[in-house]
Amino acid sequence: MNIDSIRRGIVLDHIEAGRSMEIYQALGLESLPCSVAIIRNVKSQAMGKKDILKIDDDIDIDLDVLGYLDPGITVNIIEDGRIREKKHLALPERLTNVIRCRNPRCITTTESSLDQVFRLVNPAGRVYRCVYCDAER
Amino acid sequence: MRHLIDITDLELTEIDGLLDLADDMIAHRERYADSQRGRILGTLFFEPSTRTRLSFESAMLTMGGNVLGFASADSSSTAKGESLQDTIRTVSCYCDIIAMRHPKEGAPVAASLCSDVPIINAGDGGHNHPTQTLTDLMTIRREMGRLDSLTIGLCGDLKFGRTVHSLISAMSRYPNVRFVMISPPELRVPEYLTEMLRAKNIEFCEVEQMESVLPELDILYMTRVQRERFFNEADYVRLKDTYVLTPEKLRLADSRLRVMHPLPRVNEISSKVDSDPRAVYFTQVRNGRYVRMALITRLLEVCE
Ligand SMILES: [Zn+2]
Chain A
1 MNIDSIRRGI
11 VLDHIEAGRS
21 MEIYQALGLE
31 SLPCSVAIIR
41 NVKSQAMGKK
51 DILKIDDDID
61 IDLDVLGYLD
71 PGITVNIIED
81 GRIREKKHLA
91 LPERLTNVIR
101 CRNPRCITTT
111 ESSLDQVFRL
121 VNPAGRVYRC
131 VYCDAER
Chain B
1001 MRHLIDITDL
1011 ELTEIDGLLD
1021 LADDMIAHRE
1031 RYADSQRGRI
1041 LGTLFFEPST
1051 RTRLSFESAM
1061 LTMGGNVLGF
1071 ASADSSSTAK
1081 GESLQDTIRT
1091 VSCYCDIIAM
1101 RHPKEGAPVA
1111 ASLCSDVPII
1121 NAGDGGHNHP
1131 TQTLTDLMTI
1141 RREMGRLDSL
1151 TIGLCGDLKF
1161 GRTVHSLISA
1171 MSRYPNVRFV
1181 MISPPELRVP
1191 EYLTEMLRAK
1201 NIEFCEVEQM
1211 ESVLPELDIL
1221 YMTRVQRERF
1231 FNEADYVRLK
1241 DTYVLTPEKL
1251 RLADSRLRVM
1261 HPLPRVNEIS
1271 SKVDSDPRAV
1281 YFTQVRNGRY
1291 VRMALITRLL
1301 EVCE
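For the protein sequence lines, the chains are A and B, in the order given. Residue numbering for the first sequence follows the working numbering, starting at 1 and increasing by one per position. Residue numbering for the second sequence follows the working numbering, starting at 1001 and increasing by one per position.
Simulated from the structure, these hints should not be mistaken for laboratory data. Some hints here could point you the wrong way.
As the list claims (entries may be wrong) - Estimated spans, in silico, between C-beta atoms of each pair:
| # | chain 1 | residue 1 | chain 2 | residue 2 | range |
| --- | --- | --- | --- | --- | --- |
| 1 | B | E1233 | A | N122 | 39 to 45 angstroms |
| 2 | A | P71 | B | E1228 | 50 to 56 angstroms |
| 3 | A | K49 | B | D1235 | 49 to 55 angstroms |
| 4 | B | A1199 | A | E79 | 33 to 39 angstroms |
| 5 | A | N97 | B | R1251 | 29 to 35 angstroms |
| 6 | B | G1017 | A | I99 | 34 to 40 angstroms |
| 7 | A | A17 | B | D1235 | 49 to 55 angstroms |
The beta-carbon is built from N, C-alpha and C at its ideal position, and this holds for glycine as well.
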């Protein structure tokens, strides 16, 4: 794989330096059959340093997971060697099965069939609240 | 279909409407005697609470309706390992509306996601208990004639007392309300509430003794100070009498003051206070029946 020129795939750009492995794991990229490049500590004018992930296939990425972990990431969809689409992320309003409620008294701890659902209550503080018990995360 | 999970699910105008209906039900009980004939209220108490359950059952029976349900988890299918959502799916086939109490926080939300009938939260752990709050609001409005421009004193265990937290949230939506919080330092209101009051610019103060603040109060809302909330026995013994209301202390208060308590009380209000016209905690219990009648009626109307 030539990491500079992907023909068809996804480039996750502007990852906060040092967090690429976390993103790699959260998106489950280790189970992909295609090649994936983790590029760390790339010089960036805007960020000083950044990480980049290049995925050599056009897979479905859970943008909620990505937006929650790092809303600053840019998702570039590459087709025929060109950027076909550039997506800027934001903190998702609602998270389903991305994070788990930590309140031991929450109904989700005993009712295993329930989705873990959180809604964004404070974007500046990145605070999410469990829709069941109101516990914050 | 509407549910009542949290008191803030209701707009202020909806609360007004419920309280108006409850007032009318007290004034003209006979008009409502048959209003729910043929309908069934399910009382699903996964955790026992005799008084709340009786209040709901009385409300439905007063309107000519019927009730079915269980009083504790060990007499329900939960004891056999059935999920909450399966229990709700089943029971919502047998009744028209459900009042449920559950030890886990958020259980009524989970129930509402799979129920074919309205769910009323009758208490979910230490989280919400909106019909208690409606009862409190109804009592304050009936006794004082308004819900705004009041000084509300809250006394006792303000840290763990769920009814106090809901009452503060509910009353903070009305203009010109002041809070006076009377508790030992270790049982003060949680920070999220004082932060909310500061953010909304609502006046409040925190004190340790009730004597000095009693004269300025419109409402004194008493709660139980439980022995197990204290780190050591000595602190409990030292403080327990501070948070007991007696006729002597009540002499310091205005004649318009009203004393409320969510009940059951243990010893935080001397029984000698009961005959004082300012003591309204048993009126509160009666109001609870009528406001639940009003709530059941409104939620069933929405279904039609
Ligand atoms: Zn939760």
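Hint-by-hint comparison with the structure:
{"no.": "1", "hint": "E1233/B x N122/A: 39 to 45 angstroms", "result": "holds (41 angstroms)"}
{"no.": "2", "hint": "P71/A x E1228/B: 50 to 56 angstroms", "result": "violated (44 angstroms)"}
{"no.": "3", "hint": "K49/A x D1235/B: 49 to 55 angstroms", "result": "holds (54 angstroms)"}
{"no.": "4", "hint": "A1199/B x E79/A: 33 to 39 angstroms", "result": "violated (48 angstroms)"}
{"no.": "5", "hint": "N97/A x R1251/B: 29 to 35 angstroms", "result": "violated (59 angstroms)"}
{"no.": "6", "hint": "G1017/B x I99/A: 34 to 40 angstroms", "result": "holds (38 angstroms)"}
{"no.": "7", "hint": "A17/A x D1235/B: 49 to 55 angstroms", "result": "holds (51 angstroms)"}
Hints 2, 4 and 5, counting from the list given before, are not met by this structure.
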